Structure formats: C-alpha cells, structure tokens
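Novice: For reference, the chains in residue letters:
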Amino acid sequence: MATPAPSAAVDAMLSTPVPAADMLIVMPLVLSFLFGSVLLMVRKRVEWHGWISVPGFALVFAADVALLFKVATGGPFTMMMGSWRAPFGIAFTLDLMGALFLATAGFVALAAAIFAVVSVDRQEKRYGFFPFLFLMMGGVSGAFVTGDIFNLYVWFEVLLIGSFGLLVLGSRHAQLDGTTKYAFLNLVGTTLFLIAVAYLYGVFGTLNMADIARQAADRTENGAVATIAMLFLVAFAMKAAAFPLNAWLPASYHTPRFVVSALFAGLLTKVGVYALIRVLVMLFPAQHAGMAGIVAWIAGLTMMTGALGALAQTDIRRLLNYVVIAGIGTVFAGLAIPQAVGAAPGALASGLSGAIFYALHSIVVMTALYLAAGVIARRTGASTLETVGGLWRESPLLSALCLVFLLAVSGLPPFSGFWPKVMLVRAAFAAELPWLAAAILVSGLILTIASARVFAFAFWRPLPQAGGTDTEKSGDFNASVPEHPAPLLPLVALAAFVLAAGVWPEWLSRLTTAAADGVVNPTAYIQSVFGGGA
Amino acid sequence: MKSIIFRFTAPYLSVLMLVFSVFVLLRGHNEPGGGFIGGLIAASAFAIYGIAAGVASVRRALTFHPMAIAASGLVLAVLSGVLSLPLGDRFLTAQWAFPKIFGEELALSTPLFFDIGVYLVVTGAITSIALALEERDHD
Chain A
1 MATPAPSAAV DAMLSTPVPA ADMLIVMPLV LSFLFGSVLL MVRKRVEWHG WISVPGFALV
61 FAADVALLFK VATGGPFTMM MGSWRAPFGI AFTLDLMGAL FLATAGFVAL AAAIFAVVSV
121 DRQEKRYGFF PFLFLMMGGV SGAFVTGDIF NLYVWFEVLL IGSFGLLVLG SRHAQLDGTT
181 KYAFLNLVGT TLFLIAVAYL YGVFGTLNMA DIARQAADRT ENGAVATIAM LFLVAFAMKA
241 AAFPLNAWLP ASYHTPRFVV SALFAGLLTK VGVYALIRVL VMLFPAQHAG MAGIVAWIAG
301 LTMMTGALGA LAQTDIRRLL NYVVIAGIGT VFAGLAIPQA VGAAPGALAS GLSGAIFYAL
361 HSIVVMTALY LAAGVIARRT GASTLETVGG LWRESPLLSA LCLVFLLAVS GLPPFSGFWP
421 KVMLVRAAFA AELPWLAAAI LVSGLILTIA SARVFAFAFW RPLPQAGGTD TEKSGDFNAS
481 VPEHPAPLLP LVALAAFVLA AGVWPEWLSR LTTAAADGVV NPTAYIQSVF GGGA
Chain B
1 MKSIIFRFTA PYLSVLMLVF SVFVLLRGHN EPGGGFIGGL IAASAFAIYG IAAGVASVRR
61 ALTFHPMAIA ASGLVLAVLS GVLSLPLGDR FLTAQWAFPK IFGEELALST PLFFDIGVYL
121 VVTGAITSIA LALEERDHD
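Protein chains in written order, with UniProt numbering: chain A, 1 to 534; chain B, 1 to 139.
Treat the hints as calculated values from the structure; they're not laboratory data. Just so we're clear, the structure is a prediction, and the values are computed from it rather than from any experiment. Please note that the accuracy of each hint is not assured.
From the structure, some residues in chain B lie toward chain A, with a derived Cβ separation under 10 Å [to be verified]:
{"no.": "1", "residue": "Phe64"}
{"no.": "2", "residue": "His65"}
{"no.": "3", "residue": "Ser72"}
{"no.": "4", "residue": "Leu74"}
{"no.": "5", "residue": "Val75"}
{"no.": "6", "residue": "Val78"}
{"no.": "7", "residue": "Leu79"}
{"no.": "8", "residue": "Gly81"}
{"no.": "9", "residue": "Val82"}
{"no.": "10", "residue": "Ser84"}
{"no.": "11", "residue": "Gly88"}
{"no.": "12", "residue": "Leu92"}
{"no.": "13", "residue": "Thr93"}
{"no.": "14", "residue": "Ala94"}
{"no.": "15", "residue": "Glu105"}
Where a beta carbon is used, it is the ideal one built from N, C-alpha and C, also for glycine.
All chains should be modelled from the sequences, with the hints used to inform the complete structure.
Specialist: This is the structure we're talking about:
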C-alpha cells in the first residue's frame with residue numbers, strides 16, 4: 001500500500017469501546033433527522049407539529065449544551081463514522097469553537113421554533129415548514145461537528161436544500177425572485193467550494209481536517225496550497241456575504257416569513273464564517289498570514305457597506321439585511337490579524353477570540369431583531385419606518401426588548417455587542433492596523449445612528465395617520481395572524497442571553513479565548529483524531 | 001394515455017419492475033445495484049402505472065403518501081446507524097446477525113437496513129415528484 005501506515009495509536013483508539021458521553025456528538029444530527037422525518041409522516045396533522053417540533057428542538061439544544069459542557073471540560077474529541085480508520089473514514093470532531101457555535105445555533109433554533117408555532121400559518125406547516133427547519137438545522141449542526149472537509153461540503157448542501165424549501169414556502173412572487181438569486185449565488189459558492197476541495201485532495205491526498213492541518217505545516221511555500229486557500233476564501237466569503245460578494249443577501253433575506261429571515265440572518269452566514277475560520281486559520285495558517293491584508297480590506301469594506309446600506313433603508317427588514325452584512329465585516333476584522341509562522345500566536349488568537357465572540361453575539365442578536373421585526377409587523381400591519389409608530393405606548397415590553405437588541409447590535413454597553421468589539425479594536429491596534437480599528441468604530445457609530453432611527457420612528461413618535469397600508473401590503477406576510485403573547489417568550493430568552501453576555505462577559509470570553517487558542521494551535525484537535533502524541 | 005396495449009401491459013410491467021427493483025436492492029450489497037438505483041426503478045414503476053391508470057389509482061394502491069414513505073426510509077436509515085451506539089460501537093458501524101431460518105443461514109446487517117432506507121427515500125421522493133407532475137398534466 002502506498003498510503004502511510006496508520007499509526008498504532010489509531011488502531012488502539014478504534015478497538016476500545018466508545019464512552020457513552022462521546023455518543024452525544026451525533027445526537028444533534030440524529031434527533032434533527034428523526035424529528036424531521038416523523039413530522040413529514042404526520043404532516044397532515046398540522047396541530048401536532050408544534051407539540052412535536054418544540055420538544056424536538058429542545059432536545060437538540062440540550063444535546064448541544066451537553067456537548068459544549070463536555071468539550072469545555074474535557075477538550076476536543078472525535079468519533080469515526082462506521083469505525084473506519086482515522087485519515088480515511090469520516091471523522092466527527094468537535095472542538096470548543098464548534099461546540100460554541102453548535103450550542104448557540106441550537107438556542108436560536110429553539111427560539112425560532114417557538115416563534116414559528118404561532119406565526120406560521122396552517123398551509124405552510126402542511127407543506128412542510130418544520131421538516132425543512134429540522135433538515136436545515138441538521139445541516140447546520142453537521143457543519144459544526146464534522147472534521148472532514150468533504151463532509152463539510154455535504155452538510156452545506158443539506159442546509160442549503162432545507163433553506164431553499166424554507167425560502168420558497170408561500171410561493172409569492174417576491175419570494176420566488178429572492179429564492180432564484182439566493183439559489184443561484186449559493187450554488188456558485190458551493191461549486192467553488194467543491195472545486196477547492198477537489199484541488200485540496202489532489203495536493204494533500206486526504207480530506208480529514210486534522211490530517212490536512214498536519215501536512216499543511218510542511219507546505220508553507222507551496223503555490224498550489226495558496227491557490228486553494230484563496231479559493232476557500234472566495235467560496236466562504238460568498239456564503240458569509242462579505243463585500244464584494246454580498247449582493248445576494250439584501251436581495252433575498254427580506255422576502256420569506258420573518259422567522260425564516262431570522263434564522264437565515266442569524267445562522268447561515270455564520271456557518272460560512274465558521275467554515276472560513278476553520279479552513280483558513282486552522283488548516284492553512286501560513287497562507288492565511290499571506291492573505292491577512294486582503295482579509296483586512298474585505299473586513300473594512302464589508303463593515304462600511306453594511307453600515308451605510310443600513311442607513312439608506314426604510315424597510316425594517318431590508319435595513320436589518322445590511323446590519324447582518326456589517327456584522328460579518330466585524331467578524332472578518334478578527335481574521336485580518338497577520339500571524340507570522342512560528343511567532344507566538346498572541347495577536348491572532350485575541351483577534352480570533354473577539355471574532356468568535358462577535359459571531360455568537362451576532363447569531364443571537366440578528367435572530368432576535370428579525371423576530372422582533374416580525375412582531376412589529378404583526379402589531380402594526382407594516383414594516384416600513386414611514387408607516388410604523390407609537391409602539392412605545394402600545395407595548396412597553398416589546399419596546400424595551402427592541403431597545404436592548406438595537407443597542408447590542410450597535411455595540412454599545414452593557415450589551416453583548418460591546419465586549420467583542422473592544423477585543424477586536426484592541427487586537428487591531430496590537431497588530432498595527434489602526435485604520436481597521438477605526439473602521440470598526442466608525443461602522444459602529446453609523447449602526448448606532450441607523451438603530452436610533454429605527455427606534456425613534458417605530459417606537460417613540462406617535463402613529464402616523466396614513467391609511468392605505470393594508471391595500472399595498474396585502475401580499476406581504478404582515479397583519480395576518482391574530483395577537484398572541486407567545487412570540488415574546490423567545491425574544492425574552494434571547495434578550496436574557498444578550499444581557500448576560502454583556503454584563504458578565506468573562507464566562508463567554510474565557511470560552512471564546514480557549515476556542516481561539518484551539519484553532520490557532522490545533523494540537524489537541526489533531527491528537528483527538530490520531531491519538532497519542534501526533 | 002389512450003393506447004389499449006399500454007394500458008393492458010402497464011400493471012404487469014409495473015409489478016415486474018417492482019420485483020426487479022427489490023432484486024437490484026438486495027444484489028447491491030456485493031455487486032452493482034443498491035438502494036438508490038432500486039428506488040429509481042420502483043419510482044419508474046409507479047410513474048408508468050400512473051401514466052396508464054391515472055394518478056389517483058396509484059395513490060390508492062400505495063396507501064401511504066409517497067412523502068411519508070420517503071420519511072419512513074429516512075427513519076430506518078438513521079435507526080440502522082444508531083443501533084451501533086448501545087452496542088458500544090461508533091455511529092454507523094456495521095452490525096451483523098446470522099439467524100438460521102429453516103436451516104438456511106440468513107445474513108442480516110445494518111448496512112442492509114440502511115440501504116432499504118435509501119430505497120424507500122428515493123422511491124418516495126421520486127414518486128412524489130412524478131405523481132405531482134403527472135397530476136398537473138391531466139387537470
């Protein structure tokens with residue numbers, strides 16, 4: 001056999017029985033697919049859907065939290081699918097970064113599912129809203145736990161299929177338009193991803209991420225590897241909607257139901273960010289150092305595009321679309337710190353820690369803001385700033401929650417957006433990129449203005465006396481469902497996280513710092529796959 | 001479809017194709033074949049029957065909605081992977097059993113059930129698409 005002999009450590013790992021706690025790693029996926037298919041079988045019993053889905057997502061979230069706890073205390077661990085040997089079989093490897101993303105994704109999915117039970121109408125539930133949701137969450141969870149780069153591609157496809165279904169449910173004209181753009185650009189992105197994986201396999205002869213990370217250390221000057229890293233950057237930047245590949249996001253995210261927009265904006269772009277961190281920083285650190293200047297420019301321009309775009313919009317959801325993009329730029333800023341090969345991984349790790357923290361904050365806050373926009377649209381029958389108003393008097397609780405989210409998204413204390421921005425600004429100064437720090441602060445200022453605009457128009461000023469909104473909005477998803485207090489429950493839960501991460505940031509920043517260290521120095525990750533002192 | 005020859009032969013053809021699809025499914029463990037291709041053959045059988053006798057009679061003959069069949073296949077595939085967990089093995093590790101039935105040894109394995117799951121998913125999904133398209137044609 002031409003392949004390198006697998007080490008005795010790998011065989012030893014495979015011959016021992018699996019500890020019961022390790023089995024948790026497949027649970028988010030197994031539960032998602034089981035609940036999704038059971039829901040598909042009973043899809044005509046629409047009244048059962050909520051009773052099945054919410055406990056289903058609660059179970060998935062419980063498994064995610066248990067996994068986070070396990071990884072935070074015991075370090076990364078691996079399960080080889082089908083007991084195949086390490087570099088050949090598909091590895092599921094969960095490290096702290098993956099576990100943090102996984103748990104946050106489970107949290108917002110549960111919140112969105114509760115919201116969806118009351119806000120999605122019977123017809124769309126019957127056409128499979130919840131099965132699609134479980135399918136998409138299965139894909140998202142798979143992307144966070146897999147340790148195999150081709151498998152990562154497969155999970156991207158799974159989540160895309162689920163997301164296509166969710167986007168197009170309802171079949172309104174604007175939705176079909178948005179879905180076409182979304183589908184086309186995402187297919188281009190995944191194709192690029194696939195091409196990059198093929199090149200990667202041609203150069204390295206392996207698809208296991210730990211194996212690639214091990215081998216890439218010997219190929220720091222290889223031009224082919226630099227090309228591959230660049231292809232991955234383009235593919236994942238497209239997924240994450242970074243400038244200049246961001247056009248698909250504002251064209252599609254405002255068209256489906258609010259709860260669907262919420263999950264997309266919260267989660268899907270962050271899966272792209274996660275994959276970029278995983279591939280660029282962990283697998284190709286030397287190539288990443290060479291591209292850090294490009295990433296810095298992308299970060300700065302994405303932040304500015306997002307912030308200025310948000311200022312220009314009057315529809316709340318279109319405005320939020322640009323806020324998502326600004327958030328992606330902020331996360332990219334954490335990846336822009338150059339890290340010389342062999343140098344102490346201090347600056348990059350601190351920037352990365354800020355980026356992971358900001359990404360988690362952004363998942364929660366963006367989901368919450370879109371859900372809040374859904375509640376506003378339902379209460380007032382409109383979602384443009386020209387026609388909403390007077391919500392402060394009508395619903396103080398909703399107003400307070402929205403204020404929390406808007407302040408958090410602008411990066412103001414004492415909410416969760418503040419600390420990661422502090423970390424990022426500090427990392428940018430430490431890396432002698434003062435203009436990048438300035439970009440973070442300026443985009444934060446512009447976002448504050450945009451948020452203040454939303455709050456001043458929608459909440460503070462009295463309701464404008466304009467008629468005719470019901471006729472022009474009749475095709476939209478507004479004002480269709482009667483009043484119900486349940487949608488506020490997930491918002492309160494999300495706000496609790498925003499507040500907890502803002503007031504006591506230490507617990508989260510300690511986790512993200514450890515996660516960033518694990519990515520910059522993946523020894524433990526590689527050991528969990530190959531055992532012993534690999 | 002008006003042709004009387006086609007309408008007369010279609011039920012027999014469908015039955016033959018369904019039997020053949022199971023043969024292809026079982027053959028797939030060691031030779032070319034398997035759940036995916038078997039499922040496609042089964043779905044074509046239902047499509048042919050639908051063209052000949054109308055979509056309504058296919059739906060009646062199937063009893064379950066094709067989507068429910070696909071979902072049951074997914075459940076079967078997932079459960080055949082989960083079975084290895086209580087036995088202390090990694091997810092999807094193949095488990096084998098060789099029960100003696102009438103003196104003949106029968107090789108049962110989780111890959112077989114996984115493949116049956118794939119068969120059902122493909123049959124259900126493709127049949128559901130085919131029937132929807134045929135229905136649109138006729139009304």
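Novice: Honestly, which of those hints from before does the structure not fit?
Specialist: 15
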